[in-house]
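**Q** Listed here are the chains, written in short residue letters.
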Amino acid sequence: MGPGNRMQPTGWTLEPHDADVRVVGWGPTLAHAFEQAAVALTHVVTESRVAGREWLTVSCEAPDPELLLVEWLNQVIFEMAVGGLLFSRYRVVIEGEVLRATLWGEPVDRARHAPACEPKGATYTALRVERVAGGGWVAGCVVDV
Amino acid sequence: MDTSKLTRIDDTTWQIDPTGDMRVPGIIFADEALIEAMDDKVAEQTANVARLPGIVQASYAMPDAHWGYGFPIGGVAAFDPDEGGVVSAGGVGFDVSCGVRSLLTGLTVTDIRAVQERLADALAAQIPAGVGSRSGISLNRQEMDAMLAGGAAWAVEQGWGEPEDLERIEEMGRMAGADPDCVSEQAKKRQRREMGTLGSGNHYLEIQAVEKVFDAETAAAFGLVEGEVLVTIHCGSRGLGHQIGTEFLRDMLPAAAEAGIRLPERELACAPIHSPIGQRYLGAMRAAINCALANREILGHFAREVFDRFFPEHRLPLLYDVSHNTCKVETHTVGGRPRQLYVHRKGATRAFGPAHSELPEALRGEGQPVLIGGSMGTGSHVLVGMGTGGKGFYSACHGAGRAMSRHAALKRWHGRQVVDDLAERGILIRSPSARGVAEEAPGAYKDVDRVVEVAERAGLARRVARLTPLICVKG
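One line per chain: the protein sequences are A and B, in this order. Its first residue numbered 1, the first sequence is counted upward by one per residue in the working numbering. Its first residue numbered 146, the second sequence is counted upward by one per residue in the working numbering.
Be careful, since some hints might not be right.
Derived coverage of chain B by chain A (criterion: at least 3 residues anywhere in the stretch with Cβ under 8 Å from a Cβ of chain A; other residues may be distant) [what the hints assert, rightly or not]:
hint: 1; region: 271-277
hint: 2; region: 404-415
hint: 3; region: 574-580
hint: 4; region: 603-609
A short list of chain B residues far from chain A (calculated; beta carbon distances all over 10 Å) [to be verified]:
hint: 5; residue: E177
hint: 6; residue: L249
hint: 7; residue: R286
hint: 8; residue: N347
hint: 9; residue: S420
hint: 10; residue: R551
hint: 11; residue: V564
hint: 12; residue: E598
Since the hints were derived computationally from the structure, they do not count as laboratory data. Since we're looking at a predicted model, the values are computed, not measured. Beta carbons are placed, not taken as given, at the ideal position from N, Cα and C, and that holds for glycine.
When you get a sec, could you build the whole thing from the sequences and use the hints?
**A** In structure tokens, the structure reads:
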């Protein structure tokens with residue numbers, strides 16, 4: 001699946017940033033926007049299909065939605081790196097300052113996924129989590145690759 | 146970049162005059178073409194760094210500077226701990242101690258051409274490159290702590306490398322003051338199976354030919370001979386450094402606020418050097434430097450093993466190993482007196498001149514080798530530190546710097562085509578990802594020749610030799 005069109009209620013995209021890339025997700029709720037930003041993160045690594053054969057759960061917290069987005073993406077990056085995994089689907093629940101999520105994915109298959117680069121960390125650069133006109137949320141930040 | 150707000154000091158020096166709460170000026174080393182091509186964000190970020198407490202002399206940007214996080218990539222800044230100076234996780238970056246090492250082979254281009262395809266395949270098989278690659282090395286808790294304290298010296302003790310290598314590595318291969326207890330369990334977990342791996346993005350192992358010698362005397366002292374071949378490795382502290390950068394960026398945000406430091410942007414997160422978190426970061430960051438030094442030592446060993454199968458008489462001595470994402474304590478003369486400063490170099494290479502006490506005896510006559518990575522299709526350079534480099538705390542550029550985003554590169558090139566075009570020019574690429582190759586296409590980078598020429602004209606480092614790639618194993 002390729003990047004989404006902003007006219008769609010839910011989607012993701014990658015925006016250029018010099019040596020790196022900005023991941024952006026949007027959806028009807030903050031949690032949906034966070035899920036889509038993480039989908040964008042997978043597409044930083046591969047354009048191939050990723051199966052949802054395994055799952056795991058993570059949680060994190062931060063004092064505001066922007067810092068929470070960075071924490072969330074860094075949790076995903078950590079699980080990708082430690083488990084050698086790619087994720088295709090996320091289910092995020094946000095309650096106050098706490099985020100809990102389930103991640104579905106599979107181990108990196110270097111032949112099939114042809115991974116282009118690994119994200120090192122989510123940054124505070126071009127970090128924005130905003131409500132958009134007409135309802136819904138958009139969330140994004142630059143990822144160092 | 147809009148140069149109307151800059152004061153031109155000379156041919157290669159542009160000053161951002163202090164305004165508002167800038168404590169020192171900003172200085173950008175560039176000629177007209179380079180500065181015009183730089184993003185306005187470079188000037189903005191250079192000025193932002195000049196606002197941090199305890200900064201000394203100036204906030205610098207090297208000729209290859211580009212838009213980074215908080216600090217520009219190519220940024221250099223020194224802080225005095227006794228004047229409220231800070232240490233910044235953002236000023237070092239995620240890939241702590243990312244750097245370059247070059248090994249001499251004594252082989253000629255003709256020797257390599259005779260086995261080029263087989264050698265490329267053997268290196269690609271031996272050097273773990275790209276996402277999900279593993280070296281087979283796995284460290285338990287005790288081994289991890291020993292590696293974090295011992296750096297390249299630890300790797301040599303384990304049999305990955307030669308004792309003679311150590312004096313050719315900054316800090317003699319072992320960064321003092323590293324504290325493995327300051328490194329989180331998460332960071333250690335992320336590194337457990339990543340020792341001896343190259344990583345991805347712009348990291349590579351290249352076989353390079355000395356194409357042109359600019360400074361015959363220094364080249365001879367460095368062992369560089371026109372037509373001979375080097376092995377060059379560009380990589381860093383892998384997942385451990387990334388995790389340390391991530392965690393301390395987060396933890397320094399509230400620490401800066403508590404210390405009353407107003408951050409122009411969050412990525413400049415920092416803490417006073419004389420603070421518990423500042424000291425914890427230094428202990429962890431120095432451990433990450435050791436991780437990078439050990440990693441490059443292991444990768445150098447792997448390259449030697451491959452070469453040994455093809456050319457058993459050649460032992461591949463190390464020319465030098467530099468790091469370009471660090472914060473180090475150094476003594477510099479500022480205001481007529483020597484001061485102990487915490488020098489941040491983010492995408493900048495230390496470039497000590499001749500006679501510097503930190504250089505090994507064998508290099509003290511010439512100065513420090515400064516290894517500059519270019520792109521896989523153009524070339525790389527070996528420079529040497531000059532006695533005139535004091536204005537930038539003896540620093541130079543670190544690479545070509547990107548001319549366009551990965552996204553723009555992907556739109557313009559296809560990986561397969563880049564590989565085929567380079568093969569026609571006699572450069573063999575081995576990479577697990579065609580997209581990764583397209584993102585790193587030679588045309589996506591600035592002209593490295595101009596960058597190093599300007600570094601020389603600015604008195605930062607002098608050109609010794611230009612290298613062109615023959616084989617490139619990319620992550």
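**Q** Now tell me if each hint is right for this structure.
**A** Each hint tested on the structure:
Coverage of the region 271-277 of chain B by chain A holds [criterion: at least 3 residues with CB-CB distance below 8 Å; count 3]. Chain A is given as covering the region 404-415 of chain B, and this holds because 4 residues of the stretch bring a CB closer than 8 Å to a CB of that chain, at least three being needed. Check result for the region 574-580 of chain B against chain A: holds, 4 residues qualifying (beta carbon to beta carbon below 8 Å, three or more required). Judged by the Cβ-Cβ criterion of 8 Å, the region 603-609 of chain B is not covered by chain A as claimed, because only 0 of its residues qualify and three are needed.
Annotated as non-interface, E177/B keeps its C-beta farther than 10 Å from every C-beta of chain A; the closest such distance is 21 Å. Distance check for L249/B against chain A: the nearest CB is about 30 Å away, which clears 10 Å, and the non-interface claim stands. Remark: the non-interface label on R286/B is consistent with the geometry, its nearest Cβ contact in chain A lying 15 Å away (cut-off 10 Å). Not every C-beta of chain A lies more than 10 Å from that of N347/B, the closest at about 8 Å, which undercuts listing it as non-interface.
No Cβ of chain A approaches the Cβ of S420/B within 10 Å, the least distance being about 21 Å, so the stated non-interface status holds. R551/B, annotated as away from the interface, has a beta carbon of chain A within 10 Å; the closest lies near 6 Å. At roughly 13 Å from the closest C-beta of chain A, the C-beta of V564/B stays outside 10 Å, upholding its exclusion from the interface. Taking the minimum C-beta to C-beta distance to chain A, about 22 Å, the non-interface status of E598/B holds against the 10 Å cut.
Of the hints listed earlier, those the structure fails to meet are numbers 4, 8 and 10, in rising order.
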